Amino acid sequence: MLKKSDKDQIFEKIYNSYKLFVEKQLKVFNGNRTPYTVYSPIKYILSAGGKRFRPILLLLACEAVGGKLSEAIYAAVAIEMLHNFTLIHDDVMDHAELRRGRLTIHKKWDENTAILAGDEMIAQSYKVLLKTKSSALKPVLHVYTDALVQVCEGQGLDKEFESKKNVSLADYFKMISKKTGRVISASTEIGGIVGGGSKKQLIALRKYGECFGKAFQIMDDLLDVVGITKQFGKKIGGDIKEGKKTYLFIKAMEKVRGSDRKFLLSISPSVKLSEVFVNRTKKIYFQSGAIAEAKKEILKNTRKAQQAIDLLPSSNAKSLLMWLPRQFLERTF
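Per the numbering used here, residue 1 is the first one in the sequence shown, and the count goes up by one each step.
These are computed hints drawn from the structure, not numbers from a lab.
There may be inaccurate statements among the hints.
Calculated pairs, DSS-like style, for lysine-lysine (alpha carbon to alpha carbon, straight line, at most 27 Å) [unchecked claim]:
no., residue 1, residue 2
1, LYS207, LYS7
2, LYS13, LYS318
3, LYS262, LYS300
4, LYS174, LYS159
5, LYS13, LYS24
6, LYS207, LYS300
7, LYS300, LYS272
8, LYS174, LYS127
9, LYS127, LYS51
Quick list of the computed label-pair ranges, beta carbon to beta carbon [claimed, not checked]:
no., residue 1, residue 2, range
10, LYS133, ASN279, 47 to 55 Å
11, GLU160, LEU103, 22 to 30 Å
12, ASN112, LYS138, 29 to 37 Å
13, ASN16, SER315, 12 to 20 Å
14, GLN25, SER168, 40 to 48 Å
15, ASP171, ILE203, 24 to 32 Å
16, SER315, ARG280, 44 to 52 Å
Quick caveat, the model's predicted, so the values are computed rather than measured.
Heads up, the beta-carbon is just placed ideally off N, CA and C, and yes, glycines get one too.
Kindly generate the complete structure, drawing on both the sequences and the hints.
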């Protein structure tokens with residue numbers, strides 16, 4: 001029997017082969033297309049790399065129900081473009097300076113260029129998606145469009161939360177199910193549709209994506225506090241400075257009283273925060289137990305994602321789907 005580390009090496013090698021497959025398809029945007037104001041920023045963000053795990057989830061979901069990679073590749077590219085569209089616009093709204101270790105588009109160019117590039121990217125994503133050769137193209141378009149609607153609604157809720165003093169954990173989970181979870185669950189759902197999955201299999205794949213998405217976003221919240229800029233690809237403490245109502249903030253607010261609670265309530269995106277302020281916030285997160293609670297929630301949803309696809313037939317694709325949540329969400333603990 002293979003050791004765990006050996007399995008990880010094998011799965012990482014397979015994962016990277018899927019990633020190269022996706023990267024090859026994305027190279028269509030590497031040419032010098034005009035107008036440069038529109039296409040140079042798109043080329044810039046797509047060439048910055050990234051995990052590409054959403055399109056890979058789509059490809060694996062397709063294979064896990066008996067489909068072929070060639071049938072799902074255009075849908076996979078489209079879902080990666082949808083994801084990058086959200087990154088461009090999110091970075092503008094969040095005043096982010098770094099993305100994947102490089103300047104964000106609005107910092108390298110300007111905000112108007114970033115908005116235009118994001119708009120063009122989502123338009124191009126539909127153009128790519130329509131190339132999908134499937135008798136179920138209409139259901140694919142329905143799920144894809146729903147993901148676009150949900151992610152915009154989720155971003156809207158996220159912005160509203162910045163100026164609200166009382167945001168519950170239920171509010172937070174609703175927001176991340178839209179902002180983060182729906183694109184991930186749409187990836188697995190669309191892969192299952194293209195692959196010809198049964199109704200039960202599609203429900204299982206969507207549930208997997210929802211749980212994975214929840215864990216992924218809480219991990220993102222956590223890395224904003226405990227991560228390393230070089231590894232995370234963006235500045236640490238950005239969520240605190242932007243007044244984000246993250247899982248950590250909400251959990252800490254449930255637990256702290258007195259001066260610590262008053263201090264957290266003073267956080268606002270309209271106030272420029274010093275590093276001293278950010279560091280005190282981090283200290284409260286650790287001392288209140290919010291960090292530990294976040295880790296528990298991540299692991300719980302990781303397991304739920306894996307359990308959701310138990311009913312899928314055994315295959316290499318299923319094995320990779322079972323491995324991915326643990327690989328992505330436990331590696332920093």
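44 to 52 Å as the expected CB spacing between ARG280 and SER315, which holds or is violated: holds (50 Å)
Pairwise hint evaluation, LYS51 against LYS127, where the allowed Cα distance is 27 Å at most: Holds - the C-alpha atoms of LYS51 and LYS127 are around 23 Å apart, at most 27 Å.
Hint consistency between LYS174 and LYS127 [alpha-carbon to alpha-carbon, up to 27 Å]: Not OK: LYS174 and LYS127 at ~30 Å, beyond 27 Å, violated.
Range hint compliance [Cβ, GLN25 to SER168, 40 to 48 Å]: holds (41 Å)
Restraint check for LYS207 with LYS7, where alpha carbons must lie at most 27 Å apart: Holds - the C-alpha atoms of LYS7 and LYS207 are around 25 Å apart, at most 27 Å.
Supplied distance hint 22 to 30 Å, evaluated on CB atoms of GLU160 and LEU103: Once the Cβ atoms are compared, 28 Å apart, the range 22 to 30 Å for LEU103 and GLU160 holds.
Satisfaction of hint between LYS159 and LYS174, Cα-Cα up to 27 Å: holds (14 Å)
Distance restraint hint 47 to 55 Å, applied to the beta-carbon atoms of LYS133 and ASN279: Given a distance of about 54 Å, which is inside 47 to 55 Å, the answer is holds.
27 Å limit on alpha-carbon distance, applied to hinted pair LYS13 and LYS318: Satisfied, since the Cα-Cα distance of roughly 16 Å is no more than 27 Å.
27 Å Cα cutoff - pair LYS13, LYS24: holds (17 Å)
27 Å Cα cutoff - pair LYS262, LYS300: Roughly 31 Å between the alpha carbons, so the hint for LYS262 and LYS300 is violated.
Pair hint outcome, LYS207 versus LYS300 [Cα-Cα no greater than 27 Å]: With a Cα-Cα distance of about 14 Å, the restraint between LYS207 and LYS300 holds, given a limit of 27 Å.
Checked against the numbered hints above, the structure breaks hints 3, 7 and 8 and satisfies the rest.
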